[in-house]
Structures are given as structure tokens and as C-alpha cells.
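Enquirer: Sequence:
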Amino acid sequence: YVALTKPRIMLLLLVSALAGLVLASRGVPGPGLTLTLLAGGALASGGASALNHWYEEDLDRKMGRTKRRPVAAGRVQPRHALYFGLVLNGLAFAVLATGANFLAAGLAMAGTLVYFFVYTVWLKRTTPQNIVIGGAAGAIPPLVGWAAATGTVGLPAWYLFAIVFFWTPPHFWALALVIREDYARAGVPMLPVVEGEARTRVQIFLYSALLAALAVLFVAADSALGLIYGVGAAALSAGFIYFALRLLRDGAKPRAWALYRFSLFYLAALFLLVMVDGSIN
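Residue 999, in the numbering used here, is where the sequence shown stops; the numbers in between run on with no holes.
Just so you know, these hints were derived from the structure itself, not from any lab.
Think of the CB as a built atom: it goes at the ideal place given N, C-alpha and C, for glycine as much as any other residue.
Be a bit skeptical, because a hint or two may be false.
Claimed, not checked - Straight-line Cα separation of at most 20 Å, SDA-like style, residue types lysine to any residue; simulated pairs:
#1 K842 / L753
#2 K971 / A986
#3 K724 / Y978
#4 K724 / K971
#5 K842 / R903
#6 K785 / H798
#7 K842 / H798
#8 K724 / A828
#9 K780 / A828
As the list claims (entries may be wrong) - Restraint ranges, calculated between C-beta atoms of paired labels, are given here:
#10 G869 / R779: 16 to 22 Å
#11 I998 / D776: 20 to 26 Å
#12 T844 / G944: 22 to 28 Å
#13 L990 / R917: 32 to 38 Å
#14 G750 / L924: 17 to 23 Å
#15 T816 / V912: 24 to 30 Å
#16 A791 / V746: 23 to 29 Å
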């Protein structure tokens, strides 16, 4: 049941939500609100992931990367994963609505709905742009964090949303390049399967360049951010461009793996910089 919640993905989502909370609080938020956000965010993320496990049982069994997941491997019955996911989401709404506000709770539920119905059910099996549009679900946590602190969603929160939104395609397509055969065998129209690896590498580089520009320019969009974030974001973004450019020139799987791993570090480090700079300025 722990595996159903995809803890590694959950951790990254919680970091992004916490960044929104800290930036909106213009300082260190109170422990009660912080714990509420982390608990509610973990429940919502875990619940959405459990629903994904339930719905994608057939695909997971066809792919080497996912065939050992709890539902696909038969360790958890599908209906139990479904009930587990629904209960976690219900608890998430209750925790955020009572401990923060209804806007934060509603946004968390919107993330689950987009991830499950828009990405998992509708887009993933129908279009190579699945991760571009469906990636909006993973960009919602900063909005939840901002809403938890203020009861509104300000422009900097949408900027954080945009950063995650444009980070998602190069991150996920790098992985898709590595496991392209898995997706092809399962009949999932990921970009490398439909449009080829060369086209995917070009798209990764273009999205990486746009992401880098957004990340660096964010310092001008919020007065709470200063030199710490600005210098750190520039260095991290230069690294992202470097890995994307290496992959563009050399499509070997180790290059794709390197970009994928760095992208995980990049987003976590970028939001840590937001929290550090946002709490002291």
C-alpha cells in the first residue's frame, strides 16, 4: 500500500507545495499550517497515485519498469487500490479544508482529477502530447501551498506552476527515450514512439531552454526573491541546458538517463532555493 502512493513522486510534489507556502507566507510559515499542507498534500498525491495503479493495471503488466507494481503483480487487489485511492483523497480534502481553507482543498482535488481523468484515462493512450497537457496535474501543488497561506492564488504561484509545467516534458521524455521499447510494446503513444527519438531530443532541448528562461526570470516576478535564488537558478538552469544539449547531440541512453536524473535534482534544488530566499527576504 505504501508503494501504491509512489513515495518518490510524492516527495517532489510536497517540496513544490512547500515552496508555494513559504513564498506566500513571506517568511517561515507556522508549524500547524505546514503540517496541514504536508499531510493533505501527501494524502492527495498518494491517493491519485493509487488510482493510477488501479486504472493502469493492464499497461503496467506489459512494461518491464512497472510490471512489479502492487496491482500489476497481484499483491494488491484492483478494487482495494481503488478504495484506497478514494479514501486518501477524501482525507486529503478534509485535512486541507479544516486545517487551511477550501481553496487549497479544492485545488488539491483538482490535481487528482487532472492526473486521473485528463492524463491517465484520456490522454496517455491517445496522444503523444499526453505528458504536456496532463503534466498540469503535477504543477498544481505550488498553487495549493500558496492558497493554504493566503486563501488566494497570486501571480508568483502561477509562475511556480509554469516552471513545473515546462519542466515536466523534458523530464518525462528523457525517461521515455530510455524505455521507448516498453512504451511501444504496451501501445502507449509517447513522443519517442510516435515521432522518433531525434524529434524528441529536439523537443527536450526547446522545452529545457524555455524552462531555464522562466526559472531565471522568476527573480524579477517576486520581490521576496533575491541574489540567492537568482544565482542558484542561473547555475542550475545552465546545468539543465548542458545536459539537454549533450542529449541533442548524442542520443545514447546514458545521456537521456543523465538528463532524467539531473532533472529530479534540478526541480528539488530550485524549490529549495525559493524556500531559502523567500524566507529571509
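Enquirer: Each hint needs a verdict: does it hold in this structure or not?
Expert: Hint-by-hint comparison with the structure:
Pair hint K842 plus L753 does not hold up; C-alpha atoms about 33 Å apart against a cutoff of 20 Å. Note on K971 and A986: the hinted pairing is violated, with a Cα-Cα distance of about 23 Å set against a maximum of 20 Å. For the hint pairing K724 with Y978, the CA-to-CA distance comes to about 17 Å; that is within 20 Å, so the pair holds. Proposed proximity of K724 and K971 is contradicted: the alpha carbons are some 24 Å apart, above 20 Å.
Using a Cα cut-off of 20 Å, the hinted pair K842 and R903 holds, with the two alpha carbons roughly 14 Å apart. With a CA separation close to 18 Å, the supplied pair K785 and H798 stays within the 20 Å bound. The suggested pairing of K842 with H798 is violated, with an alpha-carbon distance near 23 Å, which exceeds 20 Å. Among the hinted pairs, K724 with A828 is consistent with the structure: their alpha-carbon atoms are about 19 Å apart, no more than 20 Å.
Between K780 and A828 the CA atoms are separated by roughly 29 Å; this puts the pair beyond 20 Å, and the hint is violated. For the pair G869 and R779, the beta carbons lie near 44 Å from each other, so the given range of 16 to 22 Å is not met. In this structure, I998 and D776 break the distance hint of 20 to 26 Å, their C-beta atoms being roughly 50 Å apart. In this structure the supplied range 22 to 28 Å is violated for T844 paired with G944, their Cβ-Cβ distance being about 44 Å.
For the pair L990 and R917, the beta carbons lie near 33 Å from each other, so the given range of 32 to 38 Å is met. Distance hint check for G750 and L924: the Cβ-Cβ separation is about 43 Å, which falls outside the suggested range of 17 to 23 Å. At about 45 Å, the beta-carbon gap between T816 and V912 misses the expected band of 24 to 30 Å. Checked against the given bound of 23 to 29 Å, the beta carbons of A791 and V746, roughly 43 Å apart, lie outside it.
Of the hints listed earlier, those the structure fails to meet are numbers 1, 2, 4, 7, 9, 10, 11, 12, 14, 15, 16, in rising order.
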